[in-house]
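Can you make the complete structure from the sequences, with help from the hints?
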Amino acid sequence: NAGVTQTPKFRILKIGQSMTLQCAQDMNHNYMYWYRQDPGMGLKLIYYSVGAGITDKGEVPNGYNVSRSTTEDFPLRLELAAPSQTSVYFCARPEARQGGSTDTQYFGPGTRLTVL
Amino acid sequence: GEDVEQSLFLSVREGDSSVINCTYTDSSSTYLYWYKQEPGAGLQLLTYIFSNMDMKQDQRLTVLLNKKDKHLSLRIADTQTGDSAIYFCADLSGGSYIPTFGRGTSLIVHP
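Chain order of the listed sequences is S and Z. Anchor point for the first sequence: position 52 equals 52 in the working numbering, and the numbering is continuous, going up by one each time. Anchor point for the second sequence: position 67 equals 1067 in the working numbering, and the numbering is continuous, going up by one each time.
In case anyone wonders, no lab produced these hints; they're calculated from the structure. Heads up, the beta-carbon is just placed ideally off N, CA and C, and yes, glycines get one too. Any given hint might turn out to be false.
[To be verified] Heads up, simulated DSS-like pairs for lysine-lysine below, C-alpha to C-alpha not over 30 Å straight-line:
#, chain 1, residue 1, chain 2, residue 2
1, Z, 1068, S, 44
2, S, 57, Z, 1036
3, Z, 1070, S, 44
4, S, 9, Z, 1036
5, Z, 1070, Z, 1056
6, Z, 1036, Z, 1067
7, Z, 1068, Z, 1036
8, S, 14, S, 44
9, S, 44, Z, 1036
10, S, 44, S, 57
11, S, 44, S, 9
12, Z, 1036, Z, 1056
13, S, 57, S, 9
14, Z, 1067, S, 44
15, Z, 1067, Z, 1056
16, S, 44, Z, 1056
17, S, 57, Z, 1070
18, S, 14, S, 57
19, Z, 1036, Z, 1070
20, Z, 1068, Z, 1056
[As the list claims (entries may be wrong)] Derived list of chain Z stretches under chain S, where covered just means 3 residues or more per stretch with a C-beta under 8 Å from a C-beta of chain S:
#, segment
21, 1042-1055
22, 1069-1078
This is the structure in C-alpha cells:
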C-alpha cells in the first residue's frame, strides 16, 4: 500500500479528545476519499475531495472534518471523539489501471481508532 | 440510494471451490469489482469486470456477471488457507468516482 500512507496506525482516544488522521498519496490525483469500516458493515464514505480546496460530504460526515490544502494530503479531523467513532479508517485514491483509466480505488493500510 | 448486497460468511474446505455472490441495484453500473481484505490490512483490488462482459477469468478466479438479474459472483478454484479473508463487492456508475461497497463476505477456509 505504498501509494497511500496513513498515520498513525493505531490510536486510543478518550471521549472528548481531538485528533487528526493523516493521509498522503504518492500520485497527483485530484480525487481522495475517507472511509470508516465497522465489523459487518462494510465501508462507509465519510468525506471525499475532488481537488485541492474542494471537499464534500459522504454518507457519514457527522463528527468529522477534512481539509485539502494540497493535492498530496487529505487529513481527517475528529474534534470531540465519541465511542461511536471507534472504527478502522481508510484513506483512498483512484488507481491508475491499464489504459490509464482511474476508476478503481487504491486504499491505504488504515488507522485503527478506539475511543474510550 | 444504490445498494450492494452480499452474504456475510462463507465456509469451505481447503481444495474446494468457493463462490461468493453479490447483488446490486444500480442499473447504470459500468464497472464491478472484487476487493480482498486480509486481517489487519486495507482493501486490495482482486479483479474487476466491465458491465458489457459476462465472464472474466484470471488464474484461479472466475467472475460471472448476470446483468439482467444484477448478480455478480466470484469463484475461487482450489481454495487455499491463504484465501481466507473478507471479500468486498463494489460497483461504479458511469461518470462517478465513488463506488458503492457491499458489507463484505468473510471467507473461512478450513482443512
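Hint by hint, here is what the structure shows:
no., hint, in the structure
1, Z/1068 <-> S/44, "27 Å, holds"
2, S/57 <-> Z/1036, "26 Å, holds"
3, Z/1070 <-> S/44, "22 Å, holds"
4, S/9 <-> Z/1036, "20 Å, holds"
5, Z/1070 <-> Z/1056, "16 Å, holds"
6, Z/1036 <-> Z/1067, "22 Å, holds"
7, Z/1068 <-> Z/1036, "26 Å, holds"
8, S/14 <-> S/44, "23 Å, holds"
9, S/44 <-> Z/1036, "17 Å, holds"
10, S/44 <-> S/57, "11 Å, holds"
11, S/44 <-> S/9, "19 Å, holds"
12, Z/1036 <-> Z/1056, "17 Å, holds"
13, S/57 <-> S/9, "24 Å, holds"
14, Z/1067 <-> S/44, "25 Å, holds"
15, Z/1067 <-> Z/1056, "14 Å, holds"
16, S/44 <-> Z/1056, "28 Å, holds"
17, S/57 <-> Z/1070, "28 Å, holds"
18, S/14 <-> S/57, "25 Å, holds"
19, Z/1036 <-> Z/1070, "21 Å, holds"
20, Z/1068 <-> Z/1056, "17 Å, holds"
21, 1042-1055, "holds (count 5)"
22, 1069-1078, "violated (count 0)"
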